[in-house]
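Residue numbers (the working numbering), protein chains in the order written: chain G, 13 to 155; chain D, 13 to 155.
Misleading hints may appear alongside valid ones.
Identical copies carry no separate label here, and so any pair may be met within one copy or between two of them.
Below, computed lysine-lysine pairings styled on DSBU-like, alpha-carbon distance capped at 35 angstroms [what the hints assert, rightly or not]:
hint: 1; residue 1: Lys90; residue 2: Lys19
hint: 2; residue 1: Lys139; residue 2: Lys78
hint: 3; residue 1: Lys78; residue 2: Lys19
hint: 4; residue 1: Lys139; residue 2: Lys19
hint: 5; residue 1: Lys90; residue 2: Lys132
hint: 6; residue 1: Lys78; residue 2: Lys30
Note that these hints are calculated values from the structure, not bench results.
For reference, the chains in residue letters:
Number of protein chains: 2
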Amino acid sequence: MQGKMSKADFELDPVLEKDCIIIGELDDCLLLLMNNSLVPWFIFVPMVEATELFELSDEHHRSMSKNINQLSQFILNKFNSTKINIAAIGNVVNQLHIHVIGRHPNDYCWPNVVWGRPEKEEYYEEKAEIILQSVRSQFGQIR
Amino acid sequence: MQGKMSKADFELDPVLEKDCIIIGELDDCLLLLMNNSLVPWFIFVPMVEATELFELSDEHHRSMSKNINQLSQFILNKFNSTKINIAAIGNVVNQLHIHVIGRHPNDYCWPNVVWGRPEKEEYYEEKAEIILQSVRSQFGQIR
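Between the sequences and the hints, there should be enough to build the whole structure, so can you do that?
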């Protein structure tokens, strides 16, 4: 379905909008921070109409993969994480979105996955702002 | 860590070996079928020493992504699936492996994720063989 929608028509899914803090736009993806401080949890949302990864253009997939790689290394360096979990699921929120999460053997649900669990602690605004600034300085091209 | 190990030295993690049926080798990945007939559940294992996606070479990542895309469309066409779940988790099995799973609103744990759940029905040998043949004919280059 790629190309059906211009980026100007893109609207973030309301569930993602409610649950996340928008960091900014990075190479035709919105980059979000899940508003749950229990683990460092980021989400890429390609700004096209798509539900599956294979619907992305090669170029879009490549630039997003590069940014996911860079974000993964950033998470391992900046947070108390020893493992990255990456996933495109979308069973509840139809809009294509890719989770990139830092995990650690001492986190709240290790070694289980975080999806479908109720535990949540919203960020203090100051803490979220520090993370946002740190990500923005890592990815100079975020708008 | 890419390049530390030649493909000849690659050994499949014993947990993956126990839980899965080996379909074959596809562009420097082993392609596995999870031996659980409840959902169509495939796993790519890059034949290098790696635990995170960013450790793959660009070329390896690109060929695997292409094959994941092709397998995703195959799953939607051949099984009773309406959504693909793709994930690199690795909290339990350290060896880098990428899940590609067909999901459907009527499956056993929709809309929850399949990871960490105990439900399992092993394949009858004939049924597994049909799937293996079908995948092999879809991917002519599987060895």
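Hints, verified against the model:
In the homo-oligomer, the alpha carbons of Lys90 and Lys19 lie at most 35 angstroms apart both inside one protomer (31 angstroms) and across protomers (33 angstroms), since each shortest distance falls under that limit. Taking identical chains as interchangeable, the C-alpha atoms of Lys139 and Lys78 lie at most 35 angstroms apart only when both belong to the same chain, with a minimum of 26 angstroms there against 39 angstroms between chains. In the homo-oligomer, the alpha carbons of Lys78 and Lys19 lie at most 35 angstroms apart both inside one protomer (20 angstroms) and across protomers (24 angstroms), since each shortest distance falls under that limit. When the C-alpha separation of Lys139 and Lys19 is checked against a cutoff of 35 angstroms, the pair qualifies only within one copy, where the shortest distance is 30 angstroms, while the shortest distance between copies is 44 angstroms.
With identical chains, the CA atoms of Lys90 and Lys132 are at most 35 angstroms apart within one copy only, with a shortest distance of 21 angstroms there and 38 angstroms across copies. In this assembly of identical chains, the alpha carbons of Lys78 and Lys30 lie at most 35 angstroms apart whether taken from the same copy (27 angstroms) or from different copies (33 angstroms).
No hint from the list above goes unmet by this structure.
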